[in-house]
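Student: Spelled out, the chains give:
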Amino acid sequence: MDKLKLPDMDYVALLPMLALFVAACLGVIIEALVPRRFRNIIQLVLSIVALAVAMFFVVKQSGEVVASKALTAGGAIMIDHAALFLQGALIVLGFVALLLFGERSLEFGGPFVAQAAVTVGSERDREQTGRELGSTETFPLALFSLSGMLLFVSANDLLTMFVALEVFSLPLYLLCALARRKRLLSQESALKYFLLGAYASAFFLFGVAMVYGFAKAVDFKAIHAEALLGEGNSLLLIIGLALLAIGLLFKVAAAPFHVWTPDVYQGAPTPVTAFMASCTKVAAFGGLLRVLYVGFDGLGWQFTPVLGAIAALTVLVGSILAVTQTDLKRLLAYSSVANAGYILIGVIAGQQLGLTSVLFYLVAYGFTVIAAFALISLVRDADGEATHLSRWAGLGARSPLYAGIFTFILLAFAGIPLTSGFIAKLSVFGAAIDGGQTWLVIIGVITSIILAFPYLRVVVMMWLSEPGESTPSVSIPGGLTSTALGIGTLATLVFGVVPGPLLDLAEKASSFVR
Amino acid sequence: MSLSAYVPIVWLLALAAAFGLFSVGIAPFVGPRRFNRAKLEAYECGIEPTPQPIGGGRFPVKFYLTAMLFIIFDIEIIFLYPWAVSFDMLGVFGFFEMVIFIITVAIAYAYVWRRGGLEWD
Amino acid sequence: MIDVSWGEQVVFYILAPIAVIGALGMVMARNAVHSALWLVLTMLSLGVFYIVQAGPFIGMVQIIVYTGAIMMLFLFVLMLVGRDASDSVIETLRGQKVAAIALGVGLGVLLGTGLYRGTVDLTPVGLAEANKNGNVQGLASLIFTKYVWAFEVTSALLISAAVGAMILAHVERRKDERIGQAAMMKERFLPGNYPGPKPGPGVYATSNSVATPAKLPDGNPAQRSISPILPLRELEPAEKADKHTLTGGHQS
Chain A
1 MDKLKLPDMD YVALLPMLAL FVAACLGVII EALVPRRFRN IIQLVLSIVA LAVAMFFVVK
61 QSGEVVASKA LTAGGAIMID HAALFLQGAL IVLGFVALLL FGERSLEFGG PFVAQAAVTV
121 GSERDREQTG RELGSTETFP LALFSLSGML LFVSANDLLT MFVALEVFSL PLYLLCALAR
181 RKRLLSQESA LKYFLLGAYA SAFFLFGVAM VYGFAKAVDF KAIHAEALLG EGNSLLLIIG
241 LALLAIGLLF KVAAAPFHVW TPDVYQGAPT PVTAFMASCT KVAAFGGLLR VLYVGFDGLG
301 WQFTPVLGAI AALTVLVGSI LAVTQTDLKR LLAYSSVANA GYILIGVIAG QQLGLTSVLF
361 YLVAYGFTVI AAFALISLVR DADGEATHLS RWAGLGARSP LYAGIFTFIL LAFAGIPLTS
421 GFIAKLSVFG AAIDGGQTWL VIIGVITSII LAFPYLRVVV MMWLSEPGES TPSVSIPGGL
481 TSTALGIGTL ATLVFGVVPG PLLDLAEKAS SFVR
Chain B
1 MSLSAYVPIV WLLALAAAFG LFSVGIAPFV GPRRFNRAKL EAYECGIEPT PQPIGGGRFP
61 VKFYLTAMLF IIFDIEIIFL YPWAVSFDML GVFGFFEMVI FIITVAIAYA YVWRRGGLEW
121 D
Chain C
1 MIDVSWGEQV VFYILAPIAV IGALGMVMAR NAVHSALWLV LTMLSLGVFY IVQAGPFIGM
61 VQIIVYTGAI MMLFLFVLML VGRDASDSVI ETLRGQKVAA IALGVGLGVL LGTGLYRGTV
121 DLTPVGLAEA NKNGNVQGLA SLIFTKYVWA FEVTSALLIS AAVGAMILAH VERRKDERIG
181 QAAMMKERFL PGNYPGPKPG PGVYATSNSV ATPAKLPDGN PAQRSISPIL PLRELEPAEK
241 ADKHTLTGGH QS
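If you read the sequences in order, they're chains A, B and C. Take the first sequence: its position 84, counted from the start at 1, is 84 in the UniProt record's numbering, and no numbers get skipped. Take the second sequence: its position 7, counted from the start at 1, is 7 in the UniProt record's numbering, and no numbers get skipped. Take the third sequence: its position 99, counted from the start at 1, is 99 in the UniProt record's numbering, and no numbers get skipped.
There's no promise every hint is true.
Quick list of in silico lysine to aspartate or glutamate cross-link-like pairs, EDC-like style, CA-CA up to 16 Å [unchecked claim]:
hint, chain 1, residue 1, chain 2, residue 2
1, C, Lys146, A, Glu107
2, A, Lys5, B, Asp74
3, A, Lys182, A, Asp504
4, A, Lys216, A, Glu226
5, A, Lys508, A, Asp8
6, A, Lys60, A, Asp10
7, A, Lys182, A, Glu226
8, A, Lys182, A, Asp381
9, A, Lys182, A, Asp327
10, A, Lys216, A, Glu231
11, A, Lys182, A, Glu107
12, C, Lys146, A, Glu226
13, A, Lys216, C, Glu172
14, B, Lys62, C, Glu172
15, A, Lys69, A, Asp10
Selected chain A positions facing chain B (Cβ under 10 Å, derived; list incomplete) [as the list claims (entries may be wrong)]:
hint, residue
16, Asp10
17, Cys25
18, Leu33
19, Val120
20, Gly121
21, Gly130
22, Glu132
23, Leu133
24, Pro400
Hints in this document: simulated from the structure, not taken from any laboratory. For glycine and all other residues, C-beta sits at the position ideal for the given N, C-alpha and C.
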């Protein structure tokens, strides 16, 4: 039998993924060998080192991207400018979110449950809530998830993309079930996320099969070429794209595939929510961009009206339902649905301008949302986090500093000038007008105004109400949460005041290699 | 691909099914029938069939863990098979790829073992 | 029109209805275990389809992994819940079932007609080429070259699955919960405990089930002779009555 032609492997290009993957494997070994009390600090240091190594190689490569050499790993991975930008964003946002994972000073044992298999409400459960150190498998799981995300944004064919989708989703399902407090809610959220996520993955896979039926291949270049050629029945291609889009839009939480978002964001441990809200969004939109811009560009953007309708529905559903929420985590969940809609508007805008605005929006929103959830993890009472809106009344008088920071973050979500949220919305809407999608911009502006109402209501409650009996105290954050909160807030401010460098970076990154 | 390779298997299946049906079908006609109470009971160690065992037939969760581990290694074997069949074609590269794969899955095994997932009691 | 061989058609027209019946049965069965068994039927039929469509490896994998391992996992999960637990028929959202059926059928019709129109005038290509060196070999040459990265990354999936199963299903025992052999022996000989082997169940001419208790010398049933989880089998009057075996069958 003939020897096979070996696939070309550019190991330097794969190093960011490899670093995270190896660190995650080491993390699992640490879980097996190291006594419980040392695990948290070792896992944290290991994760940060791995992320630093990965970031180093991402930065190193970003200077030397050559279009002809971008394809590696036997044609399965495309390391182009956009992939490197998204990978860098994922690594930085993942780093900030992992800081929250490691926090142990807010409550004994950290935010995660010690033994997730113990029956909720049993004697043993009451014992472990206050006394046992939390499980640290969360670090390797998060690293596996991150390495899957890095692969997802750089995958060059639909099959690799599907495997990456599973690799980054499965650990997320698990992480959702590990909250230390309100464990039933947490388990419920994990189950819901898992069932709906598996369903969405099935749609994605079905779509891959349809596209393969049309193009006789699953890599984006072949799909594009076949679509341009226009031979054969393009019905298969369109069905395939629709099914693929369902899988991807589920992950970005676009309506009507958003129903999991509020329950999961509310039930999951707050650090995990922060991780999902920032990193999953970046990864899912990264994948969506690559599918639409690289693979299905040849369809001539016939799908724009459908995507436009979904974007409009998403911003409407997100903003209107956000108004009715009484729980802060649910409120932020609907806000993240609406934000997915705004990013989708940027995706539809097309061209380089749209791509730039989407990349900028993803990074800006990621930092802000991590800061928001970091702050939520600070406001707590005897039962853990106090997330009900009424509990936050009068917080401004109790601790003006944190209430001030949260006000700033909410203003950024609302898109007030001098915050990154303003620049992000401005660039997305600008790109959409440029791309001839003025009707989406009108809807976007109207929903932004609707969405400002729940944010401002929280602000008014914090500052203008008297602190009552039930107003919880704000815990003094440990070094890790402060750092995460500081980075998130600072990034929100800096990207709002001097957005130039990041916009330049995003513009430089806004080109895919086919 | 020609399906004729499967024809003997189909024949075997048909033969086995026919034999089973024949034996069961013919037994009431040719066998002697002399029943008494003890003959109708479950033999020796058998338990009288009861509609529902106490506890509703629920299993402890550790069965799930075992089944999950079984699936993980089942999938590993699924990958091993094509690798083994075309080993001479894949050469050193394929060998090292498979070694890396086995080592990473073995990490999961080591974790489960150390944390007591394989202890039964 | 695609030319399909006679044997393939026969297999298809026999198994396709069976697969559909299995799928319907799975959805409609009230009892969860029956549901799982219907699913086995569907999966087996699909496995045969794969083999008939010149993918013997994937067909075997379907049978080994899905009908073997994954169905076993399904059944274990059902048994965790209790095999008699059946679906609650109360709808929490009114009209949900009707809406779900309508939308599901709608999606099915949409996809079905779309697929039919998309594939009706297609000619299949490349099958002979893909299986040129044998099905498994062709698969191997793809897995280990073009998709080698995806293959390696699958191990991350497997590790996540193992870690997840451990986290969600395994309670680690604390050091003080482990009982040593010495402590076990002490507990065994503590007053109030019965250290010896327990008597076996009764063996009678009329019944030899393990659920039949042995008789104590005074004629009462020995409760210790049957397992506590078994329901006690009530002896009928005829069985209870003295059979006079000791007196040689003579009534005194």
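Student: Each hint should be assessed against the structure and marked as holding or not.
Tutor: Results for each hint:
Taken as a hint, the Lys146(C) and Glu107(A) pair is broken in the structure, with Cα atoms around 48 Å apart against an allowance of 16 Å. Only pairs whose Cα atoms come within 16 Å are accepted, and Lys5(A) paired with Asp74(B) is rejected, the gap being roughly 29 Å. For the proposed pair Lys182(A) and Asp504(A), the alpha carbon gap of about 44 Å is over 16 Å, so the pair is violated. The suggested pairing of Lys216(A) with Glu226(A) holds, with an alpha-carbon distance near 9 Å, which does not exceed 16 Å.
With a C-alpha separation of about 27 Å, the suggested pair Lys508(A) and Asp8(A) falls outside the 16 Å cut-off, and the hint is violated. Restraint check for Lys60(A) and Asp10(A): satisfied, since their Cα atoms lie roughly 14 Å apart, inside the 16 Å limit. Of the supplied pair hints, the one linking Lys182(A) and Glu226(A) is violated, its CA atoms being roughly 52 Å apart against a limit of 16 Å. For the hint linking Lys182(A) to Asp381(A), the alpha-carbon distance of about 13 Å falls within 16 Å, and the restraint holds.
Distance check on the hinted pair: Lys182(A) and Asp327(A) sit about 14 Å apart at the alpha-carbon level, within 16 Å; holds. A C-alpha spacing of about 12 Å is found between Lys216(A) and Glu231(A), which places the hinted pair at or below 16 Å, so the restraint holds. Restraint check: the Cα-Cα separation between Lys182(A) and Glu107(A) comes to about 14 Å, which is no more than 16 Å; the hinted pair holds. For the given pair, Lys146(C) sits about 20 Å from Glu226(A) by alpha-carbon distance, which is inconsistent with the 16 Å threshold.
The straight-line distance between the Cα atoms of Lys216(A) and Glu172(C) is roughly 50 Å, outside the 16 Å bound, and the hint therefore fails. Proposed proximity of Lys62(B) and Glu172(C) is supported: the alpha carbons are some 12 Å apart, at most 16 Å. Restraint check for Lys69(A) and Asp10(A): the C-alpha separation of about 9 Å stays at or below 16 Å, so the hint holds. With its C-beta approaching chain B no nearer than about 15 Å, Asp10(A) sits outside the 10 Å limit, and its interface hint is violated.
A cut of 10 Å between beta carbons decides the hint on Cys25(A): the least distance to chain B is about 5 Å, and the hint holds. The closest approach between the C-beta of Leu33(A) and any C-beta of chain B is roughly 7 Å, which is under the 10 Å cut-off, so the hint is satisfied. Contact between Val120(A) and chain B, as hinted, is not supported at the beta carbon level, the nearest pair being about 14 Å apart and thus beyond 10 Å. Interface hint at Gly121(A): violated, since its Cβ lies 17 Å from the closest Cβ of chain B, which is beyond the 10 Å cut-off.
Given the 10 Å rule on beta carbons, the hint for Gly130(A) is violated: about 23 Å separates it from the nearest Cβ of chain B. For Glu132(A), the interface hint is violated, since its Cβ never comes within 10 Å of a Cβ in chain B; the closest pair sits about 15 Å apart. Hint status for Leu133(A) relative to chain B: violated, with the closest Cβ pair at about 15 Å, above 10 Å. About 46 Å separates the beta-carbon of Pro400(A) from the nearest beta-carbon of chain B, more than 10 Å, and the hint is not met.
Of the numbered hints given earlier, the model fails hints 1, 2, 3, 5, 7, 12, 13, 16, 19, 20, 21, 22, 23 and 24; all others are met.
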